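Enquirer: Sequence:
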Amino acid sequence: FQFSLQDNVQDMRQIVLDRPESCFRTCFALLLDGTRLDDFAELHLIEGLTDNATIKVVEEPYTVREARIHFRRLKDLLSTTFQASAYSAIDNLSLSFLSAVTGIDVEVKAKGNQGTVSTEDCTPPLQVFGSDELLPLLEPLYPRNSEPKVPKCLKTLSPSNWNPPPGYRKLAGDLLYIDVVTLEDTHVNITASTSGFFINKTRDGVFNPQPHGEPCRSHTLVGLLNQLSPLFRKNFVLLQKTSLKRHPLEVIPTPFQVFPWVIPKVEHTADTLRAEDAAAVRIGYEEHMPGQLRDWNEELQSARELPRDNIQQRLLRDRAIFKITSDFVSAATKGAMAVVDGNVMAINPGEDEKKRMFLWNNIFFSFAFDSRDHYNELGGDDAAHAATNGDLMGVVAYNRADVKGLFTLGTVLVDYRGYRVIAQSIIPGILQREQEQSVVYGSIDSGKTTATHDKFLELLEAAGKTLRIRPHKVTNSDGTDVILCSSVECKGIIGADGRHYILDLFRTFPPDVNFLGCKLLANKTDPKSVYPRSFKHKLCCLRPELVESFLTYCYVLFLKLIAMHVQSAKQKQAQNEETAEEKAKECLTSKTEEKAEQQAETNGEDAAIKSEGEAKAPQENGKDTSLEAFRAAAKAVGSLSETEFEVKFNPDVHTPGVTHSSSEEETMLVDKQLVKDASNFLIDTVVIKMIEDFISLTQTPLDGSQLTEIMHSRGINLRYLGTVAAIVSTRSDLEHVHKLCISEMIIRTAKQLFRVHMQGASLRTLSTAVSHFLNCLLSSYSTPQPQLPIEEVRESESKPTNITAWATLTPEELWKTIIEDVNTNFAYQIEGDNCDGVFERYSIQRISVLRSFCIRNGIQILLREYDFESKKHATFRDEDIMNLCPVVKHTNPKTFDAAAVFEAAQQRLQAGFLGEAHELMLESLNLFHQVYGPLHPDIATCYRAIARVHYLADDAAQAVGYQKKAVLVCERVLGVDHPETIIAFVHLALYCHSAGLASVALKLMYRARYLALLVFGEGHPDMSTFDSNIGLILHGQREFKISEKFMEKALNVQLKYHGNNSTQTAMSYHLLARAKACVNDFRAALMNEKSAYSVYKDKFGEEDPRTKESSDFLGQCTRQAVLMQKRV
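Here the numbering used here is used: the first residue of the sequence shown is 1, the next is one more, and so on.
Please keep in mind that the hints were generated in silico from the structure rather than gathered at the bench. Given the structure is predicted, the values throughout are model-derived calculations rather than measurements. Treat the hints with caution; some may be incorrect.
Label pairs and their calculated CB-CB ranges [unchecked claim]:
id	residue 1	residue 2	range
1	Gly1101	Lys572	48 to 56 Å
2	Lys265	Asp1112	53 to 61 Å
3	Thr80	Met357	36 to 44 Å
4	Glu267	Gln227	28 to 36 Å
5	Ile15	Phe913	48 to 56 Å
6	Ile252	Val206	43 to 51 Å
7	Glu709	Met357	28 to 36 Å
Subject to a maximum C-alpha distance of 30 Å in a straight line, what follows is the list of computed DSSO-like cross-link-like pairs (lysine-lysine) [as the list claims (entries may be wrong)]:
id	residue 1	residue 2
8	Lys56	Lys75
9	Lys473	Lys648
10	Lys75	Lys152
11	Lys751	Lys265
12	Lys536	Lys355
Built from N, CA and C at the ideal position, the CB exists for glycine as well.
Please take these sequences and the hints and turn them into a complete structure.
Expert: Below you can see the structure in the form of structure tokens.
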């Protein structure tokens, strides 16, 4: 095997574990020239390690820990529940169906040409076509042949009831006892000892640890079982061959858990290890550190303190931060679920439920409620919920600023069962002190008393340069001024470890004055505008992306204003010089020649002095002019400095309860104008630019998550959805965006109502509560009744006051609340009063709403076809709710070095340098791998870009190989029906077709079209591309009748979004004409080609090749139509 010097010995061990011939070996050492290598040593630090060196794998004695690891490893290898674990989202496993869709390994087949395929390979499956009457089918989402059949090797393999070994056997080297039942029905008890595994004499409930008479021993369990059972030996080889058929990217655990929203019913199998884990409550204990809790805070902060002077150090640091963050998110998610389920004891059990706090696995947990009235004047629980989002954004921002010596807490937000749980790493010493004693910077009483600290000020000022935060003075209740370089809520605490921590960062970014309420209405010049208006909480802030784009806009404006001032000054100066010359000429002509001669000498000196003065004056004037121009431009854009561009925001500018120093009155006016300008810039410029991109189809969101991503990437908050919806509703070519806006507003509002709904449900009524809410939201059945468990019914009968509110919810009440809340929160009036009316009015597909709602709320439903429009029975039953999963928000550490290399590669590609771009992309892929491992969205982007380079270089086989990896990574880390996964399928189909795999290309395109139907429905702009591609592939396979059907669909979509006179529509007309001609419908072909010809002629003239091609085909169609007519 080949290794790079950046790898470590642990990577070598992993290679041994990945190989079929050694995958079952766990207890071994790696030796170089007889010297044992340290598992965590980096290869470049090992003395004597040269090229072509041989490293030996040597068996080592077992310990109890090693024996348990070995036993678990074999259990994992023999496991037949991979797919079930992926459905249940266990152990960071997730789903992938590319192999099942294609039926072959496209990477291997890409080098050969499959030729023309048979008709049955071309026929599209039923789920590919959608209609207004029929919803897309749900069951084809998971192909039936997706899971390979795995041979069974043993009947039973479990820890024995005789564990642990008695004292006298420990002294003889016994570590563990294992019960085995082979396929031949042989029952044996195996001893794991320090030297390996052997069969003992324990039989029929009688303990006898002595070795069995037959010499059945081996250093590995597999070796022992091979001797014991011929069927095991045979089936284990088959099992390895089956597992080798899976691509590594299909089975490697993902860094963060991905939860599927719909799953089939999976058989629950017996598993002693799983039962042992659950009974022993291993949650919180790590396998590699038995009995120890990880100090998450120390790990995270130590990783941030690693050196970063060169690229290799930065990569190691990024890798450590990413790995620890991934582990922390996983542990925090498990802990949050345990907290909500009631499995963790609170540290303040006597207090109200909402006030309770929890400590578990060295992580601090609390609920996102306004339990202590901190947010009473800001919006109560809504404000407390929003503050957690703002705090996480602040943590991300300060982590990106990466100021040495300034630390943030590990932070994870977990939404589960209607509760939001905040999980944070613990500042050393914080639990031994009161908060008042701990906080040395910031305010703990909303600005009444504020503390400052020189070191924190120094660190925050350094971060403020990146985050554009202005140092400002606030006044305490006793009248003293305090300097801050953050919001007053930001608290600085010096931990027992001496580190400087900041927390409560929810006001890191400037306020959004458009949502500060009606008191600013008088300042708004446009009375028709809905802004500024009130919102349900007063913590509305601008996004960091908006701040960046606004500053870029201000800087460009700053430069333009300077240029205008300088130009204006030059024009005035030129006018003044012209006036002076004219006066001088008049004066000279009025004098006599004599006087002119007499004064010639005396004026000679004066003239020389004057000309010298005039040469200097422009220089002085030039300086004054430039300075004046800088001052004027700086004042206009709100710069803090008169001589340079320095625009910074005051995050406390509109914070209630904060008194600013009287010395800052003038600066405060600038601060207020600045946030007002930024908020106006968002509406007047950013939103409009996004809608222009929607019109030009530069961006075509396929679902709500993609629309959210587009808006967030431009700095537009989702509370502006109503504004976007109102603008796009006026254009028929933006119907797809309008539909997504309406769906998104409904889903977000329903999510907030669902949160309250679920908080009222007990553990035994969870599935009933979820199914009842879904029926009220999506079913046409007007009177759904929740089927309460018999215990709940009895309790409600005995205590009528105990009837839970969620059980009395009706569809009419829910939809009335949704429509009112959408109007209140988004300032948009939805037309309709129930689900039937709303979905029909906006042509919204219920299955798409169900998908989005389940993903947002962590609901897993049963994979079956749902009848939403039945008036006779409810759509959802209790047994349709398979599970509730956590929805997790967390920091997402990035590697900026790899991203910079990738950006450079993109620039070289745009410049046309394919070779250089390819080299840089491979380098960036290697860097991404070093930090993230093999599965990450950035790696999928990198694979996709490399595949495109190969395709442009006419290397289709390599393009297929890289794009296949891109699809696998997208499926695993984003989801099997994510919009990015759909686009990845389309690209793979294109490359497969280019490589001669037409049959596979069709299957991939059918899959992409089906997923787009499920996610959005018919009529999306991208659907015309899908249908054109399918039509062209079918045309090439001489399947003209089916091709014609797809071409017609593509034309209809093009007409809808591009109109009758666009080149895109003309191309669709031309392709449809060819398809019609091939099925001998020359009259229709003639009509379509005439439309194409008309557009080409108007756009490009008669000499253009496209017009000529269309004219020639028009002639052919005419001749063929005449011939057909004659035959008739």
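Enquirer: Each hint should be assessed against the structure and marked as holding or not.
Expert: Structure-based check of each hint:
1. Gly1101 x Lys572: 48 to 56 Å: Since the Cβ atoms of Gly1101 and Lys572 sit about 50 Å apart, the hinted range of 48 to 56 Å holds.
2. Lys265 x Asp1112: 53 to 61 Å: Between Lys265 and Asp1112, where Cβ atoms are some 59 Å apart, the hint holds.
3. Thr80 x Met357: 36 to 44 Å: Holds, since Thr80 and Met357 (Cβ atoms, about 42 Å apart) stay within the stated range.
4. Glu267 x Gln227: 28 to 36 Å: Given range 28 to 36 Å: holds, Cβ gap about 32 Å.
5. Ile15 x Phe913: 48 to 56 Å: 35 Å, violated
6. Ile252 x Val206: 43 to 51 Å: Cβ of Ile252 to Cβ of Val206: about 45 Å, so the range 43 to 51 Å holds.
7. Glu709 x Met357: 28 to 36 Å: For Glu709 and Met357 the Cβ distance comes to about 34 Å; the hint holds.
8. Lys56 x Lys75: 26 Å, holds
9. Lys473 x Lys648: 14 Å, holds
10. Lys75 x Lys152: 12 Å, holds
11. Lys751 x Lys265: Given that 30 Å is the threshold and the Cα spacing comes to 26 Å, the pair holds.
12. Lys536 x Lys355: OK: Lys536 and Lys355 at ~22 Å, within 30 Å.
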